[in-house]
Structure formats: structure tokens, C-alpha cells
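Chains as they are written, first to last, in our numbering: chain X, 1 to 232; chain C, 1 to 498; chain D, 1 to 93; chain U, 1 to 124.
Please keep in mind that the hints were generated in silico from the structure rather than gathered at the bench.
Cβ atoms here follow ideal geometry from the backbone N, Cα and C, with glycine treated the same way.
Nothing false has been slipped in among the hints.
Derived pair list, reagent style DSSO-like, types lysine-lysine, alpha-carbon separation capped at 27 Å:
no., chain 1, residue 1, chain 2, residue 2
1, U, K31, X, K2
2, C, K357, U, K120
3, C, K354, C, K434
4, X, K42, C, K487
5, U, K120, C, K295
6, C, K352, C, K442
7, U, K120, D, K24
8, C, K487, C, K198
9, X, K42, U, K59
10, C, K354, C, K364
11, C, K442, C, K354
12, X, K3, U, K31
13, C, K295, C, K357
14, X, K2, D, K24
15, U, K120, X, K3
16, U, K31, D, K24
17, C, K354, U, K120
18, C, K207, C, K487
19, C, K442, C, K295
20, U, K120, U, K31
21, C, K352, U, K120
22, C, K434, C, K364
23, C, K352, C, K364
24, U, K120, X, K2
25, C, K295, C, K352
26, C, K295, C, K364
27, C, K364, C, K442
28, C, K295, C, K354
29, D, K24, X, K3
30, C, K198, X, K42
31, U, K59, C, K198
Quick partial rundown of chain D residues pointing at chain U, CB under 8 Å, derived from the structure:
no., residue
32, I10
33, A17
34, T33
35, L47
36, N74
Partial list, derived from the structure: chain U residues whose beta carbon lies under 8 Å from chain D:
no., residue
37, L9
38, I13
39, G16
40, I23
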Amino acid sequence: MKKLIVILLLAVTGYFLVDSFMDLGRTGPVVETGVKDFYLDKTVSELKVANTITSIVVNFRGFDTLGEVTVLFLAATALGGILYKRRHHVGERSVLFPSSPIVRAGSKLLFPAIVLLGVYVFIHGHLSPGGGFQGGTIIATGFLLMLLAYDNFSVSHNVLSFIESFAGIFFVLFGFAGMWAGGTFLENFLPVGTMNNLFSGGIIPIVYILVGFKVAAELTGLIYTVLHEKES
Amino acid sequence: MVGSPVLLIAIPLLAAFMIPLLGMIWKELVRIIPGLVLAFMMISSASMLMYVTNNGTIIQTLAGWEAPWGINLVFSPLTAFLATLMTFMGFIVWLYSYRFKRNVDFEPAKKYFIFLMMLVAGAVGIVITGDIFNQFVFIEITGISAYALTAFYTGRNSAEASFKYLLMGALSSSALLIAIAIIYSQLGTLNMADIASKIHLMPAGYKVTALIFFMMGIGIEAEIFPLNGWAPDAYTEAPGPIGAAFAGIVVKAGVYAMVRMVFTLFDVSGAMDILLTIGLITLIVAETAAIRQEKLKRMLAYSSIGQMGLVFVAFGIGTLEGVYAALFLMLNHAIIKPLLFLSGSQLVFNSKEKLIKEVNGLGKYMPFTAVLFALGSFAIVGLPPFAGFWSKLSVLTAAANEGMLLIIALILIVSVIEIVYYFRVVNRIYFFDKAEDLIPQKPRVNAVIAMSVLGAIILIIGFNPDVVSTVLHNASADLMDTPQYIKNVLSAGQSLTN
Amino acid sequence: MFIILVFFLIILMVGAAIYAIVQKDLLYAVIATGVISLILSALFLLLQAPDVALTEAAIGVALTTIIFIITIRNTVRHEDDFKDRDDLKSAVK
Amino acid sequence: MENQMFEILRYGIYGGSISLILIGLYAALTKRSLIKIVIGLSIVDGGIHLLLIAIGYVKNGTAPIFSPGFENAVDRMVDPVPQALVLTAIVIGFAVTAVALSLVIRLYRHHHTLEIDEIKNLKW
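Bound-form chain X, shown alone (with noise of 0.2 Å):
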């Protein structure tokens, strides 16, 4: 009987999903002239930085990149009070996945590739595909290989807290610098450069690289949180 109703919504759920996005590759959107254009065009002119996914996630739409990593945040803050426990020994891991000595001899060659990769990833965010979110995320899965092959991998908690407090603390003041030399906040305030330099476009690259610490702080250590919780 449930599954019957909800079989029935999905169908007018879907009906209506459907009706409104499969006219577009006829009809077209009524608006043709959007915000990409404004936003293609400026990007060469005002930014000088190459890839206009990087100026739109930190520069037009920087607030939102903001409130990302704040959710991010928050939420290796939650996974931490929902898991705690008083009697919290450290170093004990829930989950242990043995390893043969290949995977850890691998492991251990691959570790650093993949973190250099990452910071690789993230300085040219401007330049080219990528950026902080993705070289963060390349270098937490590094760390996230490391724990897999080594029960007896450990990161120190307190560093990964200083990184993710100070990569965030920095990001805003650099909001209020913008503020203070520009009028707005997450304003662009330093020169953009020459395009297609690693030193381009102001704060961008900057900002992006902040986020990219912060992100590898925040998974890597959320991945941590995870593996280390124990049954009571």
C-alpha cells in the first residue's frame, strides 16, 4: 500500500520534473541573455584569471564559497558531538582493513604524488580546471589511503584544527580587507596581473588556496573521526 502512494507521487513528481526541463532542447529558455554572459566577459577583462568557474566560485559568488566551508565545518563539528563519548581513547580505530605489504609499499609511493598532485590541483585553480575544493579533496583522499593501509597512521588533531581554524579565519579577514581598501566585501582588492601568470588575479588564487586547506583539513579529518569511533 505504501509503496503504491509513493509510486504514485513519483509519477506526478516525475511527470512534472520531466515537463519542465524536457522543453528546453526545443523551446529554449525564455531569458536568452543570463548572467554567464556578464560573467564570460568580465572574467578575461576585469580578472585576468583563465577559468571562470574559479571566478565565479571565489570571486562573484565568493560569499557562497564562504558558507560552504562553513557547512563543511560545521558538519566534521557535528560528526564529532553526534560520535562522542567521555571514555574516548585515543588512537584506537573502529575499522581495520588489513593490508598486504604490496598495498602499503604502494601506499606509501603513491602518498606523496597524491599530495602533491592536490597542491598541484589547487595553486593553478585559476588557470586550470580545478582549484581549492578539488586539490582539498585529492589530497584528503591521499591521507585517506595512508589510514586505509596503515592501522597505525595517526594525524594529529590539533594540527588539523589549526589549519582548518586559521585557513577560515584568514579567508574572512580577507573578506574585511576587501572591505576596508574596496567598499565590499571579498572585494578584489590587490592588482590582477597579467593573464595566464601563475601570480594572476588579486585574491583569487589566494583565497582558493585557503579553501583548498581548509577542505583537506576538514575531510581528512572527518574521515579520521569516523574510522577512530569505537563501539561502547
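Please arrange chains C, D and U on chain X, whose structure you already have, making use of the hints.
Chains C, D and U only, in chain X's frame:
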């Protein structure tokens, strides 16, 4: 003007990132800093409310890009009123729970205060932002804080209440994203004012679909009828002050987002009737459920849902008077319901089950708390001369001017139901004998201050409702005036050529 | 060629989604979810969204899957026998 | 001919993402295992992300990244805004999934079961 609207978001975020570091230096800081931040938010938004009343709307652009392209914050009379109300309530809740978990556990206390602060900041963000995707991000911030606070106690039911809340929240945020996708695919913009100015180009069918998905996305926070299954459980299982914060802060943000959609963004003709119908169904279902409850907080939660239904009915009347009445109701509900939650959680502090019958005879042992609870009960059912009377009266007048007699009758019948279940509790407090084994809890000083401030406000509004009428009139005029909203936001942007 | 590839991936993805919800063994269902993310990431790349593809590859394929697996290791592995924990220990180790 | 192909492509992508959303919703609403419900939620998320990306796609589009010598390829670039939104939405979706799974672990710790019907101490 003191400060700028962006500080209302940026300062709490900065503080949230700093608290883990500061907590390593001195543990007391994790309690003090959120209080200072909330006090700053309250003072700043109150002074900006003053400025806005005299000088008109503040539009704050972010990252140096004007309205349709960048994100902007709108601090109009309406949003200023709601932001002030929310930050004030946040401060009261902080004051009430200042000694929370003191000397017991450092880690949970730290998390509690971070989440409380972010709950307020997220709700303020929902209200003052002028961009639908930004609003989605703030809804998620508020949501994750609320899930974590609901699951705060380690008992078995709190995780379940939180999971229920999270499940509904995740589904509704999916609906919100779909609605954003529909809007963006048709209009190519995410700015609220820009959408409002272009919405008439959109085919009517898509408009209705998008509006329904929006309502599904936001209705969870606004506690409208089919989406409020989480509310009684979350209110019951969360720590006492958090119930007050949900009723006073989160719900108000949800209601604002919803009426902003209906009044400003969409020009769908039947939307007012939808609001009215939803409100009536919510009102009747919740009030009839409230009378059957045995736990005090559950009863208060259902009563809260019912009040939100009444607010939607008032908005659904659709006239300026109706909006005024709805905003007045929101103000009163935001003050009275937290008082009931705070004093109610004091009354059942030491009982295991938190049942209504466990408050028997506490009037003699906890006179102050009991008086405040009785005051809140009288005020919320709408007895003169307390605050709730004036708001209910204005709803009835607004409905009468439109000739909606059926609605007036329904509201009066529901008020009778409210009187029955609130007076049942008050009766038990004063005229029953106390159970032998129950130890009354003496409220702490900070709790007493927090509750008496709320009680004083109820009396002030009750005896002199004119103190808030200017602010409310400005706010309701602001909500009705869509062209002015569009002009305010876009006027700077239009002159920029791209 | 492009269109055939896209359609192939979409069919594969929907198949993986159906597999993920009918499969009673939660571990297999989680792996199928990871496969959906992998295909989504490939589709994002084909639809000219390299940034999103990178993020989805790292978050959807690696991190989400591993959090699901850790949860399954902490709870039960089969959808129907809800109380079975020993079975899981012997099967995964 | 080419336009027709493009239309078919669009229909395919929209159809795929909408069916993904519906399959995920079905799992989230009817399944009794908590982990299955969370799997359903993450499938819904994936479908919505694909839907958003598909909105921005244009015929023979290129990625919205300027490379030296191709600065005037603006007309063929796909819409960057949905991509930025999806970037944000993916990370938020992951955060919600992680919180949901931690709640699942805690529920299991208390109830020793994952069946949603047996975890019903709180009723409507």
C-alpha cells in the same frame, strides 16, 4: 548607521572558526565569545533597523559586483525587523543556557555554543540574502546546526528525532535545488529581484511547478502541514533552550523565505489561496493534535505548529492589514513561545518523562517560573491585556474586512481549543497537589533574567501595542511593495553596462 | 560517436542505480553507488565540466564510498538480517 | 541533422538524470534499512547535479576555461554558473551524507538494528 549587514554574517563565521583555537587558551571563552557575538549582532541590527526606518533600504553588494551579477544583502524594513527579532532571541537563548554543561564537559559545551551561534547566523542569512542559491547555502547551515543540536543529548530518542529531521531536510533541499534549476534554466539568473522582474516572461506551467518545489523546499523550516513531522520530536528531544531557538528563530526564517517567494518572486494568481489553505489545514491538524499530547514539550511543539498555521492564514488574506496581522503574530509568537519553552523546561527539569501531569502543584515551590509560564499561556491564547490579544484581534479585523467569515469562525473555535489545553496545564500547576518524589528545580540567575526580560516585553506590548506598530507598518508595506524592492536592488546595477 | 558514448554511460548509470536499490547486500549496493559517481564524473567531463568532474571523482567515488563502508563495518552488512554482525566480520575480513 | 542529434542528446541526459532522481526518491521513501535510505539520498543528489550541468550545456560546447589563443571562443562555451553551483552542492551533499551516516551509527549503537520500523519510539 552602525556597521553593515554583511557583518551580521561575517562576524559569527569568524568567531566560529576562532572558537576551537580560543578554547585551547581559556575554556570559559567558548561560552563568552558567542554571547559577545550575539550581543553585537543584536545591537548592530537594532541600530540598522533604526537607520532603515528613517532612511530607506540598505543594499549591500558583495565582492564589488552589482545586483544581478553578484550576491547582495537586502536590509529593508521587513528584513531588518526579522533580523533584529532573531538576534535578540538568540541572545536571550544564549543568556538562558550560559551555564549549560558547566564543569561537566568541555567538548560538548564548545559544540553547543558554536551550533547555537551558527543557527542564529544561518537564520539571519536566510532572511537578509537577496539570492536564491545563497539562501540555499544558509538553509543548509541552519539545517546542519539544527540536526546536530537535536542529536545533542546522547539518549536513544534524540538520534532518531535528528535522523527524521535530517531525512526530511535532505529531501526538501533536493526539492529546493530542483526549483533553483528550473528558475535558472528559464531565466538565467539567481538574483531575487532580477527573477521578480522577469518572472512574467516564464510560462505559467513552469511557474507553478517551480513554486511547488520551492514550497516543498522551504516548508520544512516553516513547519507547514505535510512537512512538519519532524517538529514535535525535535522540539521534545533537543535541549530545552534549543526548542525555544527553533520556535523563535528557525521557523521565522522559514516563514519569511516562504512569503518572500509568494509575495515577491512569483506572480502566480492562486498563490494566496494556497497559503490560506495550507495555513488552515496546518492550524486545525496541529491544534487537534496538541490537545491529545501528554508530554509538555510535545504539546508546546504542536501549539507552535498551529501558530505558524495561523500566521499563514493571516498572510493568505493577502491585504496590507493581513500582512500586518501576520507580522504582529510572528513577533508575539517569537517572544511568547520561547518564554513557554524556557519556563516549561524549568518546570519539568527534574522529571524523567516530562509529562504534563508532573507539573502538578509546582506553583508553590517555583513561584516565579510558574507565574511566567501562566503569563505566557494567557498571552498566547489571546487574553486581554496581554500581547497575544492584539495580534489575534488584528487577524480577525483583517479577515472581517475581507468578509471571510468562515475563517473568523475557525480561528475562534481553534482559540477555544488552545484555551482548553493551556489552561489544563496552568490549572495543574496551581490547583493540584505536588507529587511526593519530585524535587523542584530552582532556576539560576541567568535563566531568571532571560525569562523576566521576555515576560516584561509581553506586558509592555500588551499594555501599549503602539510601541511596535510603526516598525510593523513599515515592514508590512515593504513586503507588499514588489516594484520598490526590484527598484531598490537593481537601480545601481542597471546603470552598469556589460 | 560522442552521443553513443553518452547514451551508453547513461544506461550504465541507471542500471547501476537500479542495482544499488534492489541489491540486498549493502556492501555491493554501496559499491554500485560509487560506480554511479564514477560514471557521473565521466559524464561531467564529456559535458565540458572538468572542475565538477574532478570534485565528483574525489568526493563521490572515494570519500562517500569509504564513509559508507565504514558505517557498514560498524553496523550490519545485509539489508534483511538487521541484527547480524558476526557474518559481516567474517565476510569482509 | 546535427540539431536533431543534439536534441536527442539533451533528451537522453535529462531522461537519465530524472530517472536517477526518481530511483533515489523511491529508495529513500520505501526502503526499510537506514543505510539504503541514505544511499537513496545520495543517488538523488547525483541526479540533481547531472540535471544542473545539463542545463548549462550548449551544442559543441567547450569548457569555460580560456586558453592562450582561444580568447574569442566565448560563444561556444558552456554556461559556467551551474557548474559553480554544482561544485558547492556536491560538497554540501557530502556533508549532509556524513552527518546522516554518523546518526545511523549512533542509532545502531542504541537499537542494535537498522530497520526503520523497529526504531519508532517517537510517533507522529
